Amino acid sequence: MTILGLPEEEYIMSGNASCPGCGAALALRHVLKALGKRTVLVIPACCTSVIQGLYPRSGIGVPVLNMAFEATGAAASGVVAALKAKGKDDITVVGWAGDGGTADIGIQALSGAAERKTDFIYICYDNEAYMNTGIQRSGATPYGALTTTTPVLGKKEHKKDMPMIMAAHKIPYVATATSGYPKDLYEKVKRAKELKGEGTKYLHILSPCPPGWRYDSKLTVKISKLAVETGLWILYEIDRGKFKLSGPSKRLLDPSKRKPVEEYLKLQGRFRGLSDEDIREIQRWVDENWKNIEKMMETE
Amino acid sequence: MQSSSSLLEKLPLTPLSKPAKGAMGKTGSWRTLKPVIDLNKCTKCGLCWLYCPEATVIFTKEEGPKIDYVYCKGCGICAEECPAKAIDMVREF
Amino acid sequence: MGKVIITTGNYSAAYAAKAAKVDVVAAYPITPQTSIIEKISEFIEKGEMKAEYIRVESEHSAMAACIGASVAGARTFTATSAHGLALMHEMLHWAAATRAPVVMAVVNRAMGPPWNIWSDHVDSLSQRDTGWMQFYVESNQEIFDTIIQAYRVAEDPEVKMPAMICSDAFILSHTSQPLEILSEEEVEDFLPPYEPPFDITDVDHPVTHGNIVWPEPRGDSPVGYMEFRYLMHQGQLNAKRKIKEIVKEFEKKFGRNHGDLIEKYKVDDADVAIVSMGALAAQAKYVVDLMREEGYRVGAIKLRVFRPFPDDEIREVTKGLKALVVADRNISYGYKGISATEIESALYSLEKRPLVLNFIMGIGGRDVKPEDQRKMIEAAFDIIETGELTKEAEWYGLLR
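Those protein sequence lines, which keep their order, are chains A, B and C. Residues 1 to 300 in this note's numbering are what the first sequence lists, from first letter to last. Residues 1001 to 1093 in this note's numbering are what the second sequence lists, from first letter to last. Residues 2001 to 2400 in this note's numbering are what the third sequence lists, from first letter to last.
There may be inaccurate statements among the hints.
Taking lysine-lysine and the DSS-like style, the derived pairs with C-alpha atoms no more than 27 Å apart in a straight line are [as the list claims (entries may be wrong)]:
hint	chain 1	residue 1	chain 2	residue 2
1	A	LYS183	B	LYS1044
2	B	LYS1085	A	LYS37
3	C	LYS2050	A	LYS88
4	A	LYS88	C	LYS2021
5	A	LYS183	B	LYS1085
6	C	LYS2266	C	LYS2248
7	A	LYS259	A	LYS291
8	C	LYS2319	C	LYS2248
9	A	LYS160	A	LYS242
10	A	LYS117	A	LYS160
11	B	LYS1066	A	LYS222
For each label pair, taking beta carbons as the anchor points, the in silico distance ranges come out as [claimed, not checked]:
hint	chain 1	residue 1	chain 2	residue 2	range
12	C	ASP2199	B	ILE1058	54 to 64 Å
13	A	LYS250	B	ASP1068	33 to 43 Å
14	A	LYS250	C	GLU2188	55 to 65 Å
Treat the hints as calculated values from the structure; they're not laboratory data. These numbers come from a predicted model, not from an experiment. We treat Cβ as the ideally placed atom computed from N, Cα and C, and that holds for glycine.
With these hints in hand, go ahead and build the complete structure from the sequences.
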């Protein structure tokens, strides 16, 4: 049976250790609906190491191999190779890692796995800092955000563009998503799963984090949607090399359709130190990203 | 002192956990605000089910949503996103 | 009887991986190990070996991939040296704690800086406390045979711990010796099919491996973290018994015995014995023979297995000895040779124990000739006479 076109089955167990309003848990719930039972997750050190809860129970309903921080891509490669050696071809291997484990410490193993055309799905849930260790700056932390390692001035550099780095690996599928659009996320995971046999599929999910971004837990979906509506987070797919905008981002090429970035920033305590100049810099960065998208679409 | 006990013999060689609710206990006790659904206002659209990070909204088309208070952490997303404003967040204590 | 060829230590390791029918190899090149994985690549690309080879981008990834494959039902193999092994360090702990019986060929090489690619045992001995079994071998045949034996031990249900087989850079890795290759059929008869410690791909009975275990019992768990660490320790202790049984069985089947946890040579009536690890253990036996001809009551002990440590065996074998020469191709900076400290610790519980002379020698591949080992042994005989034992290790052959 389905509800709103999504499977009823739950593979994320209630009573796990996620914080109230966790954007990553919401995303994982729908990711697992799309993946279904015949899935093996490889999870490095990240919030989800904790979310699983305590031995001998697990908050996740499919097999999970916990792994060292930087080793997701490599350990998943091992599982994939063993499945191949054993002639099992009906299981989807999925790496599920945070932004630190993806953009920083785990980028080498991920890049290696993608270059080797390892047949798996890698999903980065991006809460834009080392949240599990208590909100430290990562390569994916956005400009201006206060973290415990950028506690006074805020981060001075923009976010690393991980999906485009993965697109440069010429893998069959790259997509962005965010927790506030579960159906869009679900469809993208489904597509990635369909491309079994073609190599590495990469999804990057912007996952709002109430304690880390300093907002009321009820606003997770709202903030996730605002990230898209302001154009700060662009929803797209690169499917077998073909770029296309998806979801609400489709109508945001026209700058006038985009909400000002302040609407997103002002709801979050992590941006409370921004000057007007900082906000202009973020707006400039957003507009520039869209110009690059436009160029990509012209060359298509 | 070094002899193996029956407790150790029952353990797996390395910690293997089984999927189960309540891996972090009865997380309903974390709540400060409790979502209360007014089924008279509810349109059974299912968005509370869709957006619940915890899978604690049980939903059927016939009966609409029901909340599993044993585990609901009271984040308030369901109330915030309900288009019919059918969910109130009520103080626990 | 298998086929006898002339080949290098590294190729011997590759032939062993092939004979053990490993399912997955994940490895990264590093001198002096590289020709192991080159040979395996050749076997696989020629179709002589049916295995998945993951050409990983680092040794850290090599071990992570081996762990992933191992718990997905694959017999795994990798090889490395020195910096590669050091880079793996985190994953060595992870493999052992996962109880993944990965088998790895380590070609011992010095750590930089300065760059030095020659033999030195600091690389693997630095991994002492990771939970890996460690075998140190003296010949190419022993590399081959020990890899086969190591799979049996590592995969044993009462052990389920990973194992490294350590051989000296160039002295064995690039030196040709006769090698009797056991056929896959012969090995299959000795080595049962691989059973993983758990199957992470069993989607019908899903498990989560490695989520948080509290220090104390909590929730439904009757135990804490510490109990799982005790189980690892038990696995290692069980291996001591298993290694002895498996070595006997191997000898019965294939007619070769390189020792079990240790190998003793002419020790029974000796006053002095020299303890060595790796290739120098072979040379020590030659020195013992020469000195025996001259009337010296001397023997040799090969420390074949360093973890689990053969403490009982060391106590037993040194019973009648007046002095023990421990020749370490390593140094624990600020103390002494690593095997010497372990041996002294094992001897401490004895009321009557031999004097222990520790020599630091052969560091970074410096040549240790038979006459050098002879001088170390002669020094032991002198000290028996004078009773003047220095407590510190002596850096043999150090230029001052």
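Output the indices of the hints that this structure fails to meet, ascending. Numbers 2 and 12 - these are the hints that the structure violates, sorted from lowest upward.
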